[in-house]
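Novice: Here is how the chains run, residue by residue.
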Amino acid sequence: MSKTKKVSRRDVLKTGGAVAAAATVTGMPASIAEAATGNPRWAFVVDLRRCVGCRTCTISCKSEFNVPLGRWRAVIKTVDWGKFPTARRAFVPRLCNHCAGESDTGVPPCVEKCPEAKSGKRMKLGNERYRTGATYKRPDGMILVDMDLCIGCYKCIDACPYGVRYVDPNVKLKRPDREKDLGIGKCTFCEHRVDQGIEPSCVQACPHETRSFGDMNDPGSKVSKLIKEFGLDKKRADTTLLPDEGTMPHVFYIDPEGVLDHYSFDHKNQEKRLAEYRDNII
Amino acid sequence: MKNNTELKESAEHAQQRSNVYGFLAAVYRKELSAELLVQIKDSPFREVLSDLGVNLGKEFFSAPEEELIENYAIEYTRLFLGPGKHISPHESIHYERDDGDWGTHWSASTVEVKKFVESLGLNYSETDRSMPDHISVEFELMQKLIEKEKEEWEVNEGKDALHYIKIENMFMKDHILKWIPQFCDKVIAEAELPFYKEIAKLTKKFLEFDKKETSVNGEEDRQKVEQA
Amino acid sequence: MAQLTRRNFMKFAVASGAVLAAGEGMKSKALAGDIKTQTGRDFSPTTKKERKAIPSACWQCVSRDSMIGFVEDGRLVKLEGQPKSIRGNGHICARGQAGLTSVYDPDRILHPMKRIGPRGSGQWKRISWDEAVGELTSRIKKLRDAGTPEKFLYHYGRAKASSGKLIGGMVKATGTGSIGNHTGVCESAKWTAQEMTWGGHFDNWDIDNTKYMLIFGSNILETHTNHMSVAHRIMHAKVDRGVKMVTFDVRMSNTAAKSDEYIPIKQGTDMAVFLAMTKVILDKGLYKGAGEEFLEYCKCTEKHDDSVANKIAALKKHYANYTPAWAAQISGVPASTIERIAVEYATTKPAVLIAYRGPVTTYNGTDCERARQVLSSITGNVDAPGTNCKAVGAGWSSAAIPKAKTKKVKDIFDGAPKGEPESYPFPTHHASHQVLDRIKAKGPGTFDVAVWYCYTPVFANGNHMRNIEIVKDEKLLPFVVSCDTSYGDSTHYADMIMPDATYLERYDWEDMVDPTQIGEFYIRQALVKPLGEARDFGDVMIEVVNRLGIKTDYKTKEEYVKMSVDMTPGVKEAGGWAYMAKHGVWNDGKAKFYSYKKEVPASAIKEDGVVYDEQAGVYWNAKKAHAKPGDSYFKTKNAYKYYVATKMGNKLLAGFKPDKINKSGYMELWSQVVKDAGYNALPEWIPAPNQKNMGPNDMHLTTYKVCVQTHSRTQNNKWLTEIYPNNHAWINPKDASKRGIGDGDKIKVKSSIAEMETYAHVTENAQPGHIHISHHMGHYQYGRYASGKRAPEGRDDPDDKNIHWKWHGSHPNQVIPNRGDRLGGFQRWNDTVVQVRKA
Ligand code: SF4
Ligand code: SF4
Ligand code: SF4
Ligand code: SF4
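Chains as they are written, first to last, in our numbering: chain B, 4 to 285; chain Y, 85 to 312; chain H, 26 to 864.
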């Protein structure tokens, strides 16, 4: 982690500042509810025009967290279609979508299925109160995990349709009754960096500015501008993965060439979706 | 409170423990030197070893010195240095921490040992090229701590000896015992010549002994000191 | 073993005390100082983290990008790009990011070692540095005393900037000139051609100012000599400025994938397309304007002062038969495509033409690059903003290096002697791939001592099995020292190993080409101390030289680097080393274009010994060149070193200054020296002899690189290798089905020298008639991640149990013979003909 490149001021988590009237989440589309809290809503934009499949993101994430072999927080998928001599190839970066969740629950399936989703401390972010848990949603949209609370049931792994969670063979759980069990891991949006005002490791590392991170509640942030320019939140069916799952991903893809049309995996099959979430070059 | 005889005994006992740690540090620090070889072959030590049932084999005492030193240099390289198959004598390689930050040189344990050493006001010598968590460095630290304990038994009625005993225990518990016994098992399994095999057995036995001793004595000492 | 009781413990302790008391050498050594704690309080070690950010430079590949290392409590934890660098703009690649694992590589060598079993048996003994340096020094001394210092062979793979300068200097100080390099397996054909045409070597592409990017056989978005600093500019140009990008390649590289247009081309035929494009441009008159202007500075006929009209006429004549239809037949690229791209390239100005290893790793290598120079020249895309420019890098001063007369063993480094197969007229960067064979040809007694520094002759050259045979022969190479960080495939056959410091543990001044044409000065500094007993080989060589009684102003490379930095103009004024250590980079802000247009003062040609050579149009100092009056500039050995200026019209210009080859200050598209060597003075297509009689089942084998590996160097880097753990052979479904090969099947690939086994990846991204195998994987040694040979003590790396690949690849160099291109002797990596079958 470093301080070489700061997230622009406006992209930084706002701690003080204006207090907006608290909105009741129920019944409101997630993004509107979030907009009203005064907290940021972190989002991630991936510009597929720029991704060259160089894996700098993958490795920078590995080194930021010392991710064990065979487990991934960030991966690049190579997508091939067509026939020689007009065959095509493109790259789709993937990470946890930090899903807003379905409108009725307000949480993504991984949080919904976690039995310990609310067993942690009471916290406050801006003027919003929340509780941490083994897998929980922070008011700024980050979906986080806490190995102090995890009981190793792995229900979140089963629940995530994207297959982005893994069992970490090197981390043991901390709950006194579960010391023998292994912990889990996933992309955290680099919350430890973001909370200090530094952009995520993979965003800093990407040489081609494929990856952008920032606050979509702030109209001046880079992600907001990109979302507006490319209408990313207007046509989620084309700009997010597995739109039909209703998970409301907050990782958006700029995809003017329709690369995502050629990318699919059997997400209903757990084994297959977990196997898909690997970075491999042949 | 300890009486003078007890204080003297404690000081002596500390001196003895310190010596053993110093000896072990010397054995693991580098290849068997001619100097050390002569000492080990010398009759008092030889006698101790046979008392302890350490069997270095006939050859150890009969083979020409040069040949022995060459063979053990090769064994030391093969066992502890590599390339290839070897058992790197560093805590960070063996102590399987829960957070997964172990197994390579300079991982979390290395940093912890370094901080432990530096927090005590000690420095790593400029000329030494070993890493902060080398087995010989850890033994050397124990040697130094216990030496300090011994000095404290000799002044002020041993008032501050307990302070060092606590630090010794802490280092034993958090570091030495976390990996050296397992490390010794690996050496016992891999060594081809008797010396390192037997030394590893001895190291393990000694650590078991010292753990018991220090916790028993430590507890007695604590009570006695605290009564005062 | 008996239980330890209080009684026998006491005896043991007393005996231990006696041992300690007796031996000075057994006293404590690692820890210094006295224990100081506050006895009143409980002791607890500090947990405060100390984090430092240290500017340095990458060395995972030769691009050597500026970066920052983050060190926490003495442990290197993260590497990131240096945002202040004008080259990298804060970017390093995946390899760069992963570099820190090379410091903590569980298979790293940390102590000097001496071989004890037979060569290649893998049995070693640790020795002290004193012994290691002593042994090397005494062997060199013996040679010096016998008057045969040249029997010390120094062969390096990677030594650039201060490492190259200092280590090379120290080696020469011992009296040997027997120095091998590796450019002959890298891209030397490009360099030789550039020396023939515009003098000096390295073309930089001014991407920031270009309007069109035409790429031939360069996978520049994945890997390149100046990779990251160019790659990120390309994607910005493409996406943010809409600059069109067209790529010709034998297979679908990621660069091809990201191009606006990808045009598959048959192996080794890029030159044919260059020739045909040139013809299209000549025929359509698209040289008019910028092209014509630049042709003033080109030599296109025998006469250097020919009119532009004559030059064009001569070119048209030479290119008459190189039609698009002709090239289409050879290259498989449709004639209409060739024509269209030629027009686009000639009319979208300025344009860059990026041609790299693909086109030149062939029989026609050097001439192919000459043909590329013609294409750039007739469109005026040379050394101007937005075009192919003469590369600019930092020009550091060097602290004094002892001068010495050197002797060199002949007929080793440049291929075979004249008249024999594999002899080359212009081996300006040598033929390193021939060195082992040349040693074998010369026989025992050629060398007594060989030092390989960052070099793996066994693995990096073609014909592995023969290489192994030669390096195993103790008569041919009586004493081999390998200076390596890991236990490499060649190091396995050494007699002594000197563990090198990794690039993250050492100091350098650095000078890699700057894509902005400014020339960035930057440094590398140690992020952590060398692990174990590893030691910068620069330090070792200084010590060797000092032990031979030769004095140096510095005792370590660190001192040498700091001294040099402090005396370099510009950097010195900015604050010297103190400034560089803090900021890492410095530049003077001036971009350098049109270097050839610089006028030379008339006084320069009035100096003693300077004469005018009519044929060349060149002023040169014949006296200094030890030439007789009237001697030809072109024919005098090393005349180029005494070049002064070229007369063009009524001007005296610096021109394109020669280097390594006698040429004028013109861009010599027509080359007198090539003509004198018996070839056409203009670039000429000659079909590769080994491909003349290819049968319907023969295939072209081409090699390539991927974005997460560097040559044969990074494979024990676990994060890189887990993404690319092995190298499947790419084969098109058409070829696969003909041979009954399915995806993932085991196959055999046979060439004229050997047969290898590997696994197929059946893909539309392969070109029919070709098989593509990357040259990264298939190590025999090099550590657990690279070859599966790991320390069987089991779990000395928590990731051991997580290794998820079983096959470590199969290296194509097994079947590739060592053969050089017809002019420069550059290794023909990509024109091997093979037969492929299911195993
Ligand atoms: S670093 Fe950027 S360009 Fe490279 S693979 Fe990742 S997202 Fe794509
Ligand atoms: S991608 Fe999966 S793990 Fe991430 S928030 Fe969505 S459901 Fe949860
Ligand atoms: S945001 Fe952080 S955790 Fe997530 S993929 Fe990027 S680097 Fe990894
Ligand atoms: S391009 Fe080369 S120098 Fe640059 S970061 Fe990558 S490996 Fe390092």
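Among the hints, erroneous ones may be present.
So the derived list for chain Y, only partly shown, Cβ under 7 Å to chain H, looks like this [claimed, not checked]:
#1 205
#2 214
#3 251
#4 291
The hints are simulated quantities; they were obtained by calculation from the structure and are not laboratory data. All C-beta atoms in this analysis are idealised placements derived from N, C-alpha and C, irrespective of residue type, glycine included.
Novice: Hints first: check each against the structure and report whether it holds.
Specialist: Comparing the hints with the structure gives:
no.	hint	in the structure
1	205	holds (3 Å)
2	214	holds (6 Å)
3	251	holds (5 Å)
4	291	violated (10 Å)
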